[in-house]
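Chains H and X supply the protein sequences, listed in that same order.
Under the numbering used here, the first residue of the first sequence is numbered 1, with each subsequent residue one higher.
Under the numbering used here, the first residue of the second sequence is numbered 1001, with each subsequent residue one higher.
Misleading hints may appear alongside valid ones.
Said to hold, decoys possible - Cross-link-like lysine to any residue pairs, in silico, SDA-like; alpha carbons within 20 Å at most:
(1) K1006/X x D10/H
(2) K136/H x K1056/X
(3) K1056/X x K1006/X
(4) K136/H x L1139/X
(5) K49/H x K136/H
FYI, nobody ran anything at the bench for these hints, they're computed from the structure.
There are 2 protein chains.
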Amino acid sequence: MNSSLKSRLDLELKVIGWVRSSIKSPAQAPKQEYEGAPDVWIDMEPAFKKAMHSLKPGARYLILTWLHQADRTCLQVHPRGNPNNPLMGVFSTRSPARPNPIGLHEVTLLEIRDSPPGLHVDHLETIDGTPVLDIKPCLKCDLPPP
Amino acid sequence: MNSSLKSRLDLELKVIGWVRSSIKSPAQAPKQEYEGAPDVWIDMEPAFKKAMHSLKPGARYLILTWLHQADRTCLQVHPRGNPNNPLMGVFSTRSPARPNPIGLHEVTLLEIRDSPPGLHVDHLETIDGTPVLDIKPCLKCDLPPP
């Protein structure tokens, strides 16, 4: 793709909310949400409150986050940080280290706060202060929580 | 969150590849991949070739795309573009119109091309020229394709 097309693209992310969590550092964070991740509040940016309309407590959603402390230059990793695991390309792993460190989390929405706007969700394994990028309904979320 | 913290975040996306598809405009694109989306090639940016290591033809992956023609200012939509459907907040829909138009696509990897690097995948509903942001293994991909 030529660079003039690329320069016309708007590739700047907007932060729609922020994770408020008891996990304060990557070392404390579980690798997956089913490995003991706590419930968290997402403090939503008021500018995006209208987009929260029709969210339903009890329903399952995908939360997309920006893992802002990840190494974006890393292309290969030992899965789970264990040097005994063979080196793999990051696209074959869920490592936060990758060119675009977008985290994908399936959660149950527990509670909606109106003012200031916020969402209480279960089991999110990112650290305190992680930016939130998007919320989507699960299309296959008749799956039970893990 | 204060603006000084936000200004220190690196929120610029990197394009890791580009969708090459027979779908040339949003009007031609199906709403979901199970509604007749074609197989496509993803032309990978050579800088990220090392991250393709260990991808396996036949396995299921999540492809994250940047739906670059979407309206990023839209916060509420009539689902499926049908005015008879009640207005909903975009976080309750899979509409491409949303603050960060990240597309999420579950595909089977059909074939890997070494040079120039590329990936042939089934059923991707985005238009020709769509930037690709990430590839992740499915964690629940013992699900059969729809």
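Against which earlier hints does the structure fall short, listed by number upward? Structure breaks hints 2 and 3.
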